[in-house]
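Since the structure of chain Y is provided, determine the placement of chains Z and F on it from the hints.
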Amino acid sequence: MQAEKLKNVLEAILISADKPLAIEKLLGFFQEEDLVNRNDLKKALFDLQQSFTNHGFELIETASGYRFQTKEEYKQWVTQHWDEKPSKYSRALLETLALIVYRQPITRAEIEDIRGVAVSSHIIKTLQERDWIRIVGHKEVPGRPSLLGTTRHFLDYFNLKSLDEMPSLSEIQDIDKLYPELDLKMQEELGNIEQENTTEDKLGSSTISETIVDGKEQTQSKQD
Amino acid sequence: MQAEKLKNVLEAILISADKPLAIEKLLGFFQEEDLVNRNDLKKALFDLQQSFTNHGFELIETASGYRFQTKEEYKQWVTQHWDEKPSKYSRALLETLALIVYRQPITRAEIEDIRGVAVSSHIIKTLQERDWIRIVGHKEVPGRPSLLGTTRHFLDYFNLKSLDEMPSLSEIQDIDKLYPELDLKMQEELGNIEQENTTEDKLGSSTISETIVDGKEQTQSKQD
Amino acid sequence: MPDKVIEKPQTPRQGELPFAIVHGEAISAPPEDLYIPPDALEVFLETFEGPLDLLLYLIRRQNLDILDIPIAEITKQYMNYVEMMRNINLDLAAEYLVMAAMLAEIKSRMLLPRHEEIEDEDDPRAELVRRLQEYERFKKAATDIDELPRTGRENYATSVDVIREDKIKPEPQVELRDILMAFQDILKQVDMQKHHEIEREEISIRERMTHVLSRLEGDNFVEFQTLFSLKEGRLGVVVTLMAVLELLKLKVIDMVQAEAFAPIYLKPVSGLEEGE
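Chains as they are written, first to last, in our numbering: chain Y, 1 to 224; chain Z, 1 to 224; chain F, 1 to 276.
Bound conformation, chain Y alone (with noise of 0.2 Å):
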């Protein structure tokens, strides 16, 4: 591969991937055909090193590998990504998860069986960043997918001791008995949540802009 070529491969690898990536790594990702070798990929670092000196972004070398990072100095702009207030969880991921609590041990499998759709990866993702769920064994079928379940951080987060306190499924079918003097606040938001998501609800003017967050990816649900 050509030296040029070989740098922007090794661009797009490392500017994309979620972890530092050592050089035996980096060596994965090329095929016998691509005809690099070790010290190509070293030149091949070292110069991309030094075609950033002058970016707002560097490629830096840590313990475990080679890796983009934004520059110190620019902290104090890139900090402002964080300013903005918490959005809302989506309905996807609430689903998820109500499964994952109900269900469990439940595999990603299971979880999309019931509700009809594919469930993303972010979202199986962002509740074990949040530590709510996490894999617990795995299921003795092809593929060894594994099991979800709740952590004890969940029940912390809910004021729970144990799940037993968790309403039972027939305490749901009746939720407004259960939380009577909310009754007219849930209404409302239930009525947020479909016209944003769902399917059948009456949505008379199309002006409801809500910013739905599943983990990473924000998600604007209008339009303008």
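These are computed hints drawn from the structure, not numbers from a lab. Please note that the accuracy of each hint is not assured.
Here are some of the chain Z residues that sit facing chain F, going by a computed Cβ distance under 10 Å [as the list claims (entries may be wrong)]:
#, residue
1, Phe30
2, Glu33
3, Tyr89
4, Leu94
5, Thr96
6, Ala109
7, Glu140
8, Gly143
All C-beta atoms in this analysis are idealised placements derived from N, C-alpha and C, irrespective of residue type, glycine included.
Here is chains Z and F on its own, set in the frame of chain Y:
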């Protein structure tokens, strides 16, 4: 702020963003003392786009703003970060999506009418959860069925700035040309259909007008 | 309907008579037959997105002009497919039968002598042609959309480490009732579908299953008895036992006993290689 510094700050902001950022949003990252105005930003963004033409990733503008992404020509390497192959969508889903894209706002019944088969709920749900489509209103007919349209996120996902950039629909051949002997009435009707089709196909602005195309009536006007 | 499996379309019985009259032209040759091995048929039919798609396939396969469909032939071929589907008990969508009826109607109208003097006689195929064309352009549009470069297939998002000031990204707040409502919605949806298996079940058993699994983490053998705590009382013991049984049923854990009356051990079925 100096042009060179502004470029670097923008780079740092955009490379670490998890969604496209429009100029308005980007302006919000700067303080008054940064002395950055809209024009400075535009110029810097233009320069940035230019400066990444020979790299492994690029700065592109989609419907909701600017974002860095890896270039298509390096996908074979980048895709190896993940074990799973990128999701494939069924023909049924893609055809349903195509109808919503080109015929929005459209009801589910109208989609079924053109495709000649029922549209499964899970396709609509998947499209909604991907945030590619949303309910944009309701048709004033019995049952007030939902009218579906595409979202800004759909455009972002497919690297489009606006619906104008969608490939245009293929032309419908005119049956009259082959059978000039066919009666006048039919020519008229076909003419009408064609006219309507061409106006719809332009997809001028992404603003959804309240005009409702009644595919059903067209279909049935020929029945006898 | 006869029960036999039709592997080949029957040869037309008309003999030398014209097979059909299309546009005044007599067509005497039967169409190319459409033999498909029966076991391949099922897979094959799944590739059709409906009656219009099937019709388009029949037309395109023979390089026919969509504006000049030999209705009699196409109808016959279409009926053969539908017949085959019925014979192998394929769940035949009602739309296929509606189309069959429509084709039969067009065919019969085309076979009727045309009255030249009646000015406003439509070509009975016009509506079908219009629908086929309309469908075909969206079929094409679907392919076009699929070919657009998209995020996560041709282009990938950038992901870099961020050096930033100490601030914690605020996380969305969730209340317990949000989860309850989400679950209630799922139950409603499932209710509306057929009889999806969400039977009533004690949540405590589910939770205990998670507990037991956590105890077994790291591929260790755990002695059966240590799972029980007397403090929990009878109910607690029963819940644990049921959780273990449920896990055994799901084949997530194994139970091992070296000999009679020896301690019983539990272990995850083949270890947790990747764990978390």
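Now for the hints, and whether the structure bears them out:
1. Phe30: 16 Å, violated
2. Glu33: This hint is violated: Glu33 (chain Z) lies away from chain F, its Cβ roughly 17 Å from the closest one there, beyond 10 Å.
3. Tyr89: Cβ of Tyr89 (chain Z) sits 7 Å from chain F, so the hint holds.
4. Leu94: 4 Å, holds
5. Thr96: Because about 8 Å separates Thr96 (chain Z) from the closest Cβ in chain F, which is inside the 10 Å limit, the hint holds.
6. Ala109: At 13 Å from the nearest chain F Cβ, Ala109 (chain Z) fails the 10 Å test, so the hint is violated.
7. Glu140: With a minimum Cβ separation of about 24 Å from chain F (threshold 10 Å), the hint on Glu140 (chain Z) is violated.
8. Gly143: Hint violated; Gly143 (chain Z) Cβ to chain F Cβ min 17 Å, cut 10 Å.
In summary, the numbered hints that this structure violates are 1, 2, 6, 7, 8.
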